[in-house]
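Work the whole structure out from these sequences, hints included.
Residue numbers for the sequence shown follow this note's numbering, beginning at -13 and rising by one.
One should not assume that every hint holds.
[As the list claims (entries may be wrong)] Distance condition first, Cα-Cα at most 20 Å in a straight line; then the derived SDA-like pairs of lysine to any residue:
no.	residue 1	residue 2
1	15	4
2	15	2
3	15	25
4	15	-3
5	15	34
6	15	1
7	15	-8
8	15	-6
9	15	-5
10	15	-11
11	15	26
12	15	35
13	15	32
14	15	27
15	15	0
16	15	5
17	15	38
18	15	-1
19	15	-9
20	15	-4
21	15	-10
The hints are simulated quantities; they were obtained by calculation from the structure and are not laboratory data. Quantities reported herein were computed from a predicted structural model and do not represent experimental measurements.
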Amino acid sequence: MSGGLQFDAATRVAYGGDRYAPMADEATKAQQIEIAELVRADRGGFGAWPSCSRSLRLPD
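As structure tokens, then:
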């Protein structure tokens, strides 16, 4: 897991994050958020971040 949003490398690549930088922590904040929004939309919520979503009481 790397970057501010703690992406699994395979998930980041699957959603195109590798087009910005080889490692998540080398991408800009905006680029990481763009990929996170794709993941959230595709997965229907915040379930990709189970610890955070539980502690913030966000919908899965």
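Do the hints match the structure? See the list:
no. : hint     : verdict
1   : 15 - 4   : holds, 14 Å
2   : 15 - 2   : holds, 15 Å
3   : 15 - 25  : holds, 15 Å
4   : 15 - -3  : holds, 17 Å
5   : 15 - 34  : holds, 18 Å
6   : 15 - 1   : holds, 16 Å
7   : 15 - -8  : holds, 12 Å
8   : 15 - -6  : holds, 16 Å
9   : 15 - -5  : holds, 16 Å
10  : 15 - -11 : holds, 9 Å
11  : 15 - 26  : holds, 16 Å
12  : 15 - 35  : holds, 17 Å
13  : 15 - 32  : holds, 18 Å
14  : 15 - 27  : holds, 18 Å
15  : 15 - 0   : holds, 18 Å
16  : 15 - 5   : holds, 14 Å
17  : 15 - 38  : holds, 18 Å
18  : 15 - -1  : holds, 16 Å
19  : 15 - -9  : holds, 9 Å
20  : 15 - -4  : holds, 19 Å
21  : 15 - -10 : holds, 8 Å
Every hint from the earlier list agrees with this structure, and none is contradicted.
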